[in-house]
Amino acid sequence: MSFLFRAFAGKTDGDGPSSSGADTIDRLLHRLESVTLVADRRDGLRQLKDVAKENRVHIAAHGMAILLQILEQDRSDQDIVATILDILCIIMSDSDSIPGRDGTSLPDDHSTQKLGGQLTEIFLKKSEHLMLLLDFVKEYQFQIRWPAVRLLCIMANSSPKTFQNVLLTVGGAVSNLMDLLTDNREIIRNDGVLLLLFITKNEPSLQKIIAFSKAFDILLDIVRDEGYSEGGVVVEDCLLVISNLLENNTSNIKLFKEDGCVQKLCDWFSADKLGTSSWSEQRKTNATRMLNVVRNLVSPLLPSPIVRTCQDACSKCGLVSLVCAILMTPGVPLNVLVQALNTVAELIRGNSKIQEDFSAMEAPLKPPRPALAILLLSMLNERQAFDLRLAVLYVLKSFLYKNAAMQLTILQSVIPDTTNPSPHTLGQLLGGALFSPDNLNQWCSEIGFMHCVVESLDHKKMLVSLNVMPSAAMPSSTVMHQCVHILREGSSLQSKIAALQLLCVWLSECPDAVEAFLRIESIMLWLLTQIVDTPLESSQKLFQGLCAFLLGVCIRYDRKPETRTEMVELVRNRVGAETFREKIVQITRLENFLLASQRPDPAVKSFADLSLDYDFIKFYRAAEGKICRAIDESQEEHMASDPEVFNQQRSELLSKDNRIAELEAQLKQAHYLHSQSAQQIENLSRRVELLTSEIHIRDQEIETLQREKYDLRSNTKHEGDARLEQQVQHLTATTSQMQQTIEQYQALMPELEHLRTLTLQQQNQITSYYQYFEQQKDGGDPSSGLILEKTELQARTEHLDSLLFSWQAEADRLKDELVTLKDQFTQKEVTADELLSMTRSEAQQKTRELEEELEQLRTKYSDLNMEQADLLELVTDSDQKMKDYRERLRRLGEPVSDDEA
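To convert a position in the sequence shown, counted from 1, into the numbering used here, add 763.
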């Protein structure tokens, strides 16, 4: 463990031992390492435990290996195992209190756990160490099981990611930990819950394994047995574990719903009498955690089908009604009430049936009044807490989300009903808050009206003509004029930002609203003045960007070409097109935008932190591209002068679509032919490789023959003519095979020439595609024929104006389609270039390789012919020598026949 000493020997903090303490530790460690009697080892461990807290670093650097060795060696001795586990808990814990000893948990501040985290990572470098601890967890004896669980809790909290990774590699580890939840000793069970809390944070794999080990049922049973919200800290830990298992984990959410756990939540709310007893701090925390479990089931960040099924399950079992009842229960603490409001908001968001039931809910007053109206009164009450007012606004936004009927009802109730005057209709409350001197009331009213008109052109038109009378002493005014008044005269930047959000959504795709807005005196100059200023703070940059975005909305959706042209010229002259677009785009880079886009409920601590609405961010992202292009497209008209022109343009677009489809089919065919050509080239390459290898084999045979030739020269007297003739025959056969190989290669040459021709044809075809795309690209924009003369527009009647307005939307759609076609043409052009370049380079490369290989084969063939001629000459010379030898033998009187070898 020398690396431990190097890691920690340099520390001089409070954990470092004094010289005398270090000597004592060294003597104890030496004693533990050298003694043979178990009693002596047990006594030494007790002494080491007494001084472990003051000498953590020294023991960790010098004694960790010794302790682990003893732990493995004497694992059957309960006293030794329990003492070593206590020592490990002390040296690895960075807190004075150890989890499980007094019911407290470790702090989450990992900056104070540097030493414990390092020791944990060193300990877990070998998974066998964790397996050893898990074996101790299986033991039923209290003095072994509890210290083992405490040590696991310390390590899981000190270095959670490392602990989770190692735990996943140990088979059966989770099942051993789940057994802790069924231990009848509460202290071990509670520490088991705490351990699950640590290991389920941000680890989906462990979350799924634990959830499918019946964790939901066991944890909810513990909550029930402990007395629901009136239970202690173990109830909070159980609910935190359930929240960890459910948070953004769709498979665990499905399992929770299918196992009937939603009904158990319903039982919890039914059994808890929220208004009958005092509220301790722990009870407030437990109630908040339970509501958070419900929110994890229906979080808007989850996929819509999952949210819808969970909402239906909560509604079917009566959970929605029970949570809504908390809102009307007296004596509920503020933090619980705020969490209940947020839970109700997410339960009703986007679900028409639950929204309808919520609208019919009445407050227990005499006479009864709609619960939503009472909530709005609380939202607009300046004496209420800031968190409570924002939570009610979240309920209102969720109530209006995809609820067109209720949006219309609120807008209709803005104007007082003379037959049934009521000062507290939802519309009148929102309208009156717009004129309130309280800035938060103005912000809530503007966001509320924005949600009443989003995605509804009829509602936008209706809001243009609505007059709001805040009181009998004040004159009536339209919502738009009041928003402009807040922009110009308001004292709060947050209220101005909310007004800009309302106006941007309102004016988008609504020419009537744009026309009414531009009729306001000098509003254009005011917007330009705000845009050209140089902001210093992030909130001022956001305000400036929204002003530019609002001006872009006016340019895009104004139905009058002369006004639109005038606005574009002002922007280009006063601001600049690029600067204008940059002002709009910079919104997405601001911290306010990033924070508001993370969750739909406004999680801010003060009014100064309010900025953007979550649903406005979704609208902004969808419309940003169109608005940025508005200043470039403004030179073209957005209306058609004749329906026949539209029909002609549709036919042209359809013909181009058909032509594009044909070109795509031809391009696919070209790709197919190219792939076939590549396959043929690959086959030819393989055949060339085979021929090359065969020639290489023949070369080796020739070398062998050459060596045998030289041996034959030296051993001619000992070898007969028969073997020489056999070698000559083999050489002749080899030469014949080489000749056949060369002929086969030459037969491949026409096929290679055909492949080159096919590649050239493909190149010509791709070139024709490229030329066609260039012609389409240079053909111009068909919508340029839609430009109308100013004098012709002025001669239109009111009836034709309404028709032209409908044609404007069609022209916008055609323009978007033309932009899409241009993008497609550009993509086809790039594809054609890439295919042409790739085919040409591959064909040239293959041709060069084949030519080089052919030249090498020809060279080898020429060398082979030369060597064969030399060998034939050698054979002839050998025959002549053999004849001379036979003649000399005859002269010497030896009988020699002519056929003798």
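Do not take every clue at face value.
Unchecked claim - Calculated lysine-lysine pairs in the DSS-like style (CA-CA distance at most 25 Å, straight line):
id, residue 1, residue 2
1, Lys1079, Lys1017
2, Lys1047, Lys1304
3, Lys1129, Lys1165
4, Lys977, Lys1017
5, Lys1224, Lys1304
6, Lys1027, Lys1047
7, Lys1047, Lys964
Read the hints as simulated data drawn from the structure, not as lab findings.
Structure-based check of each hint:
Taking the CA atoms of Lys1079 and Lys1017, the gap is near 16 Å; set against the 25 Å cutoff, the hint holds. Straight-line distance between C-alpha atoms of Lys1047 and Lys1304 comes to about 40 Å, which puts the hinted pair past the 25 Å bound. Only pairs whose Cα atoms come within 25 Å are accepted, and Lys1129 paired with Lys1165 is rejected, the gap being roughly 32 Å. At roughly 13 Å between alpha-carbon atoms, Lys977 and Lys1017 fall within 25 Å of each other, so this suggested pair holds.
A C-alpha spacing of about 30 Å is found between Lys1224 and Lys1304, which places the hinted pair above 25 Å, so the restraint is violated. Taking the CA atoms of Lys1027 and Lys1047, the gap is near 20 Å; set against the 25 Å cutoff, the hint holds. At roughly 23 Å between alpha-carbon atoms, Lys1047 and Lys964 fall within 25 Å of each other, so this suggested pair holds.
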